[in-house]
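J.: Residue strings, one per chain:
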Amino acid sequence: MADELITPDELLSKIDHRPSGAGWMDTPVDIRKGMYCYASNPKSVETLGLPNARAWNPLDEDWKLPENWQQIIHEGFKERLEKFRSFKVFMDICVRCGACADKCHFFIGTGDPKNMPVVRAELLRSVYRNDFTTAGKILGKLGGARPMSLDVLKEWWYYMFQCTECRRCSVFCPYGIDTAEITIMARELLNLLGLNIDWIATPVANCYRTGNHLGIQPHAFKDMLDFFVEDIEEVTGVLVNPAYMEKDADILFITPSGDVFADPGTYTCMGYMLLFHYLEEKYGLKVTWSTYASEGGNFGFFTSHETMKRLNSKMYAEARRLGVKWILGGECGHMWRVISQYMDTMNGPADFLEEPVNPITGTKFENAVSTKVVHITEFTADLIRHDKLELDPGRNDNQIITFHDSCNPARGMGLLDEPRYVIQNVANHYYEMPANTIREQTFCCGSGAGLNAGENMELRMAGGFPRANAVRHVHETHGVNMLACVCAIDRAALPASMEYWVPEVDVTGVTELVANALIMPGEKDRKTDLRGEPLPGMEE
Amino acid sequence: MRRAKSLAAKKKEILKSWFKVTVDSYPADTARFLKGQKDPFANPVGDTTYRSLGALLDALENGSAPEVMAKALDPILRIRAVQPMSPSQATRFVFSLKQIIRQHLPDNGRAGAGDFRDMDVKIDEMALAAFDIYVACREKVFELKATESRKQFFGSLKRAGLMVETEADGPGF
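Protein chains in written order, with my numbering: chain A, 4 to 543; chain B, -18 to 154.
No wet-lab data here; the hints were simulated from the structure.
Since we're looking at a predicted model, the values are computed, not measured.
Check before you lean on any hint, since a few could be wrong.
Unchecked claim - Ranges of calculated distance between the beta carbons of each label pair, as one might list FRET restraints:
1) B/PHE112 to A/ASP29: 31 to 39 Å
2) B/GLY136 to A/THR480: 33 to 41 Å
3) B/PHE135 to A/HIS389: 37 to 45 Å
4) A/ASP390 to B/LYS1: 54 to 62 Å
5) A/GLY482 to B/GLU106: 19 to 27 Å
6) B/PHE135 to A/LEU419: 36 to 44 Å
7) A/PRO150 to B/GLU(-6): 43 to 51 Å
8) B/VAL116 to A/PRO31: 26 to 34 Å
9) A/PRO31 to B/LEU138: 40 to 48 Å
10) A/ARG57 to B/ALA46: 31 to 39 Å
Even glycine gets a Cβ: it sits at the ideal position worked out from N, Cα and C.
Based on the sequences and whatever the hints tell you, model everything.
T.: Right under this line is the structure:
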């Protein structure tokens, strides 16, 4: 054993902390543990009927690719350039002005220049120039072109799964290039060779086969909600009675399954149940859950557009089967980008549903006229605006709150004011983070687009730092102790990020805050919030 | 002591050099951004690094207690512990301070050499504290990984109905 150890002198001679100074094209990819997610389980790839299902390890030299993999990539690239005009434009139009370069949380957090959105896109563009443009073919490296090679492919895989498709960079692009769509296309190409990550592939397979990310079967889904019924009764004294697959209910409610199975999303889920019970008792509104459409999230979005379409189709299918008027969506992130920007053209038009109108207030949700899906915070904000909810904001007085705009609802559907309006009506202590870290410029949690695994924790922490830094600022200046958000990935990812960067701050969904303040008909003298923590003034 | 006084006089220059050397451990494009962007929320790594180094020089100048030193070291190491760099890369900035101080405070005689020794001892203590904090951050990262796996594992058992939680009023209580 001792022979294998290197001497201190040898070790010291190897230490060189000066960066090489080489350009990005001449800096070889270094696949580091902690920065990447495990390769997809072959069974999941097989379930989805996607190509090249096999066990492989990103750290191995041999990625077990099909022999003609370069041809597959070239043809896949060509097909997508022809099919998607936007992709072609995004490949051609960038002038490398650098406006996006320092806007990515992964670049800011990791300090790796290949995480500058412009460079990440150049990884793909360089091959595009080489394969599809005359200038690239003639000028080669001088013109920013390079041929596809195994090293380039590994670089694609490593960096395309260090992008959360949050689109903050796109906000700053003078040409409006949607850099997330470049990552989406790159991941599609990688999937042609079976190069997905398991945190995406297995949830997608589960969703396709069983209906939700964790592969929870209908009876187990109902069991979980039954547990919540008991917990809710314990806290409020009210026995709620959620409806499942109820035909001719007014509204079908679909939320990410993370709300049903992972803390602290579970408290948000209890919040939905209390709100629906309140609305039924007071106004006779009938909302139904479905164990078939039991997943709002859609990791198909991170695989390929065909996979996204397949998973998404069950929402409309279930709404049609049950004969509801429209769909109400829960607090999810990318679900809303899929709904707002893709669903209508993929699986629509949903002309068998009604244009959404709140039957209690008469408000017509103009923005959802086409998709027929309304966001829970739009719905709740409307109820509060029309004074339809009896609220006691003092019950949230122990929470000093700030709001993290979840990337996709903020930038993908423009949901900016409704959550703030709701929070400020159900709680008394609210503070904004600095302007360049919220609303359209919000920083990602660092774990979206399927990167919320455990093995890439270093990447998640580094990517989550810009957001956590802003949270720390409001914690230090205003004593903020609660970070509210409207996304299940946020609720799963931000607690770890907070624990590392700002341990004094906890994470909540907005509807959890609503339910704590909501005065239920027939409720007992409530002593605790939904987490079992004493309400203000009830501490022993 | 005299050395500490001259450190105070040259602190601005020393901090500038130390910051430059520290951020030059990143690739050139990144270093340019870390130095150039002054908004603390657009450039939290640059801002935190600068503030941490400033607080460390204050602590050195004032001969502050180890806790003060540790508090100043935490933010910069918390960042470097999750960035793609080796442990030696992450902590090297502490050692570079010796050289930088010598560049800015020329040695004028025998008495001065003794003062450098005192300063070196302090910087060595800073380095030891840096190792402690770096390792604590790495341990935290692995704790987070372990906790998430644990939750996933027991969550699966629970969902599969293979685990029943003990009731407080059940048999045996």
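J.: Hint by hint, which ones does this structure get wrong, listed from lowest number up?
T.: 5, 10
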